[in-house]
Amino acid sequence: MDILLQILITGIATGGVYGLIALGFVLIYKATSIVNLATGAFMTLGAFICFTFLDSLKFPFWAAFIGTLVCAVLLGVILERIILRQLIGEPIISVVMVTIGLAIAMQGMTNMIWSPEYRSFPEIFPPEPLDLGFAVVPSGLLWGFLFALAGMIFFLLFFKFSRTGVSMRATANDQQAALSMGISVRRIFALSWSFGALAAFVGGIVIGNMSGISIYMGDIGLKVLAVIILGGLDSIAGAIIGGFIIGILENLAGLYLDPIFGGGVKGVAPFFILVIILMIRPYGLFGKEEIERV
Amino acid sequence: MRCADFKETYIKDEEIFQSLFVKVWLGAFLVFLLVFPLFADPYVLYIANMIGFAVIAAVGLNILTGFTGQISLGHAAFAGVGGYACAIFITRLNMPFWLALPGGGLVAAVAGLIIGIPSLRVKGLYLCMATLASQFIFEFLFIHWESLTKGIRGINVPPPMIGSFALDTEKSYYYLTFAVTVLAVLYGRNLVRSKVGRAFVAIRDRDLAAEIMGISLFRYKLTAFAISSFYAGIAGGLWVCFLRIVTPEHFPFHLSIQYLAMVIVGGLGSILGSIFGAVFMTLVPEILNVVTGNLKDIFPAAGKLFIPLKEVVFGSLIVIFLIFEPRGLAEIWRRIKAFFQLWPFSY
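Chains as they are written, first to last, in this note's numbering: chain A, -2 to 291; chain B, 38 to 384.
No wet-lab data here; the hints were simulated from the structure. All residues carry an ideal CB built from backbone N, CA and C; glycine is no exception. Mixed in with the good hints there might be a few duds.
Covered stretches of chain A (in silico footprint by chain B; criterion: 3 or more residues with CB under 8 angstroms from a CB of chain B, positions within the stretch not fixed) [unchecked claim]:
{"hint": "1", "segment": "82 to 93"}
{"hint": "2", "segment": "218 to 229"}
{"hint": "3", "segment": "253 to 261"}
{"hint": "4", "segment": "272 to 279"}
All chains should be built: construct the whole structure from the sequences, respecting the hints.
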């Protein structure tokens, strides 16, 4: 029982981080209908930038964090302007492949600037684990979860109350109507990419803090695809809830199935779940249903 | 003097080799391909073999993605299934290579059929995800189904034999690769101008309209998946027997992207384009390798840059082609031909 509880807690905490990265996907998809497969590369880049601020430039954590966020916004705006604006209205395969190409190129550049070896993150949070009485939460997971939660609440409130947030929702809903209400759709697209990069960068920092950074950490970005498909591609709530579900299921699969199959199930479980969702309910739990019939 | 291409019948328009000029030059090119191994060194032949495998896989993927419009992000997995099946047929069942290779292709085709089933229900982005997931699931199987695949240690495969002559050098294997590649390309080129090929194109352009016109989506989508993964399986089998070992590392997600990149850089919906793309995308890393190798003498740091630089160039090529030349090298080739057809009096 103890180990099960422990696994559940770990699952929820990991799920929070997945939810945050999934937000990075959803924010971009909602406005631009592009699934950004470069999210993993964004994460890696974010983690490395934060690492540089902390380790080489000796910034305090809050300054490094803000610096990283500024970089995220810049990256989002630049990429949108140079590459992704050309792709509006192109077939899906082009869009998907451009983001994949971008991911590979960015990973290569990260590799070129910082060498590929594994690094552990400088300690930015107090290392004591939180003892809940019935289970123990490791410090990295706890702080990661708190960061993810803060990020989610920020985005939820932002979309609910801020003027820009409302105009972003309007754009996602109907671009022409938004245009005629005086919303600059181009600016919204650039903003969405910045926000997507922002969420991915924070996710990268959190994961880097939990398990160290290397140029291969972006592979988690692909696992998160299962989260957004489960939650529904265009649903913020779906991303969060999907994150928790996948986090828990993945850890449970690791606990119960790994001994049977000789390890590795934890890594592949999200993809199995992904296929099952696609078979049963392709638009996810909260996604918009699109039906085409002959 | 002929100053442009006039065709008076549809049959002429559908011909593969449209003029005497094309036939003569193609014949000369084939003769060149047959003769050059006699003078080339093993490294060049190794690359020639790799290009052959790439061409087969790219033609197959183009049939699925370029002609039928179904995206597959898991093509390396199909190649892997073909490669593993081929290796297992040879080592466990003692089948001769000549049976094991098509056998591997058939097993891959079955895998493709299974993965293709979701394509009936989901499309576009969702099909991307489904094939991507299947890539990782197959990778998991290659590593963890140890009783069959021997896990990460891999399976050693003997070279193919003709009688008592083993095809165990780059040169002798090249002729096998060459023969299979020519067959694969010819079949692909013929397929896309047949009834099946036209059905594929109709599905790509608008699947609902195709269904209304009486094209069975079920049948043709699955046919496309099966043919395409058969090609991938053959490419995988040939590659495995060339390397004489198969491990899970040979078929990573990156290879799937590489195949897609070949198809996109070459030109979606063009068999000629897939050949261009496969040649181009195989040669670019090799050229980079030579360049960074030479730079290493001047800047010692350049050696370390090769692997990341390869990735940057590879990723940028995909992005640049999709933005500036979405129809790929085949379109550039067509423009060059059009230019010289009337040159120097192009008005």
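So is the segment 82 to 93 of chain A in contact with chain B by the C-beta rule, three or more residues under 8 angstroms, or is the coverage claim wrong? It holds: at least three residues are needed, and the segment 82 to 93 of chain A offers 7 whose Cβ sits within less than 8 angstroms of chain B.
Okay, the segment 218 to 229 of chain A and chain B, do three or more residues pass the C-beta test at under 8 angstroms? n = 4 at 8 angstroms, threshold three: holds.
Check whether three or more residues of the segment 272 to 279 of chain A sit with their beta carbon closer than 8 angstroms to a beta carbon of chain B. Holds, because 4 residues of the segment 272 to 279 of chain A bring their Cβ atoms closer than 8 angstroms to Cβ atoms of chain B.
Counting residues of the segment 253 to 261 of chain A whose CB is closer than 8 angstroms to a CB in chain B, do you get three or more? holds (count 4)
Of the numbered hints stated above, none is contradicted by the structure.
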